[in-house]
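Single-letter residue listing:
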Amino acid sequence: MMALAERLQRLGREVAAEQDRGLAQDLSLGSVRARVIAQPVRRPLRAKLWASVAVVAAAAAAVTVYGFSRPHAPLAATFGDHPLAVGEWVSATEPGTPHIRFSDGSEVVLSPGSRARLATLDSVGAHLVLESGAADVRVTPNHGARYRVSLGPFAVDVTGTRFDVGFRPSDELFTLTLHEGKVVVSGCVLGEGRTLLAGESLSASCRAGHFEISALGAEGAGRSASAAPQLAPAPSAVVEAPDTNADEPGHSLAQPREAAAVVPSWQSLSGQGRFADAYSVIAIDGFEAAVSRASVAELALLGDTARFAGKPADALTAYQALRSRGAGSSAAKQAAFSIARVHFDQRAAYAEAARWFRTYLAEQPGGPLAREAEGRLMESLSRAGDRLGARKVAEGYLAKYPHGPHERVARQLLLR
Amino acid sequence: MAKKDSQAVAELLPLRKSQSDLPAPESDELLVLSLRARHPDAGTQLFDRYAPHVRRVLVRVMGPDSEILDLVHDVFVTALESVNRLIDPKALRAWLTQIAVFTARARIRRRVRGRILRFLPFSELPEPELPPADFEASEAMQAVYRVLNALDTDQRIAFALRFVAGMELTEVAASCGVSLATIKRRLSRSQISFATLAAGEPALSEWLKLGVGNTPSTGDPTP
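The listed protein sequences derive, respectively, from chains A and B.
Quick note: this note's numbering has the first sequence finishing at residue 631, numbered continuously throughout.
Quick note: this note's numbering has the second sequence finishing at residue 225, numbered continuously throughout.
Only chain A is shown next, with the shape it has when bound in the complex:
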């Protein structure tokens, strides 16, 4: 007979698995991210005092140091003839696309079909995000230079070197061939960092959970490593894309300079809560095009992505498409609630919000969001100036949910 603790562990595992299934579909973390990052950090009084002392000391030090050295000017970046600003996206549409050049002589050559964004730029280096595709990177070795190239979950930190790097988001496959210098590659299966030396190449797959470091041009002499040794292929003399590439010859990253255009996965970005990035990927071909291409199952995610990216009009387009193309499905019924939420939260269109909360309640009277919908219907009516309607809903709400989350609002409405 199984002991009680064992039974509880089994029950707990079942509950945890169910929670994880729910969490996997829940994309709402992105909204909290924005709130947390926007929140100013309060400093305790003592910290403020020390901060003031530090500012005075730093100012004195700065005056002293200025006498001995001129401050470094921030680097400048250009894409062809155009100055490249922080936050700007660039893409290489065809061979011969202009290079990204930095004022210290460093250079990034994007392969056709690649897309990159300049994330930061300062006096000692830059942070470039290569969203997909491949690039030839040459960093001029200057004293204290610091460059970073991010590719999906991977990051390459360099001080002065030349390498080819590529990333395919669809299977999170990363490749790097180092021609000169030294780099540190981190992220995913590589953990906090692996050092790569000149003449070595690395291929890593997040999804397959393995990586391989090989020596170039010395057959059998490569050092190999693997996070999951049983999955690692035998060491090879040249970088070889893992078997997962076999069915996609046109997308092989073994020859990064010839990488074909790679479709960025807005779904994966959205799943990570990176809604603004996901939205910018969708916007490449236009949101309407994405709506017309999306399956019924993807429309809800598309709507949520736009909603969390702060694009209410696009969110409504996606939800409406879901309502018509998936008519009668539970996702379509749930979309009524999402539409109401957009009208309430992002457009302050309370009468319209009320209409859609009513639609949800009519279609799903016992649905999982019925209590929330009824509460928010009451709020919508109240804010739209329909006091009588709001009071009527409040009475019904208190009768059904005497201790519900909108209890206080309902009682206040009835007291007025």
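In short, the hints are calculated from the structure, not lab data.
Where is the CB? At the ideal position from N, CA and C, for every residue including glycine.
Sample of chain A residues lacking proximity to chain B, with all beta carbon distances greater than 10 Å (derived):
{"no.": "1", "residue": "Thr355"}
{"no.": "2", "residue": "Arg377"}
{"no.": "3", "residue": "Gly525"}
Listed next, the in silico SDA-like pairs over lysine to any residue satisfying Cα-Cα at most 20 Å (straight line):
{"no.": "4", "chain 1": "B", "residue 1": "Lys211", "chain 2": "B", "residue 2": "Ser190"}
{"no.": "5", "chain 1": "A", "residue 1": "Lys548", "chain 2": "A", "residue 2": "Glu567"}
{"no.": "6", "chain 1": "B", "residue 1": "Lys92", "chain 2": "A", "residue 2": "Arg409"}
{"no.": "7", "chain 1": "B", "residue 1": "Lys211", "chain 2": "A", "residue 2": "Gln224"}
{"no.": "8", "chain 1": "B", "residue 1": "Lys211", "chain 2": "A", "residue 2": "Ala220"}
{"no.": "9", "chain 1": "B", "residue 1": "Lys92", "chain 2": "B", "residue 2": "His55"}
{"no.": "10", "chain 1": "B", "residue 1": "Lys211", "chain 2": "A", "residue 2": "Ala218"}
{"no.": "11", "chain 1": "B", "residue 1": "Lys211", "chain 2": "A", "residue 2": "Arg228"}
Cβ pair distances, simulated, as ranges:
{"no.": "12", "chain 1": "B", "residue 1": "Asp72", "chain 2": "A", "residue 2": "Ala504", "range": "32 to 38 Å"}
{"no.": "13", "chain 1": "B", "residue 1": "Ile89", "chain 2": "A", "residue 2": "Glu610", "range": "51 to 57 Å"}
{"no.": "14", "chain 1": "B", "residue 1": "Glu83", "chain 2": "A", "residue 2": "Gly525", "range": "24 to 30 Å"}
Add chain B to chain A, keeping to what the hints say.
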């Protein structure tokens, strides 16, 4: 890896004031240093790295609850404000877990107080009961958290971390900020209480057919 970290810390330390706009580092240790140096990307890095973990801990403790996102927010605000008090930067994950557990406990206790204060006049009533989750939970899960709601808060948390989150006893103790002996006592009591209350839940009867007559155990063979 530790050696590599210390080298990286040594590299970053003299730079952290003058080059605070460099990309945020990858290791927890360097991330903590970046947070303390108010690196512009450090808060984002902290959230991206640990928000899923924090949310999972909160969901395990609280169950289906639409205030989870507010709690995630509170955990990160607390963490960002008190990162200078973190003694061992390598223990960032464990520290965040503890903040999550303490944040959840404060919310549960506030709700318990709210239930007691319902005897007060309406104008003095606290915040209303917990709103529903945005997804439909199974009968068994709802029953588990109904039972946990009836337990003492500390017992409930120990139970959820051990049996639902699947943590080791030492992790549960560290997350609750108590000794191993204390956590074993709490778990022992919580099992008895849970089994007793679960007897009234049909959705749990299949799971706990053994009943309460059996000797509860913390799942740990050591005394």
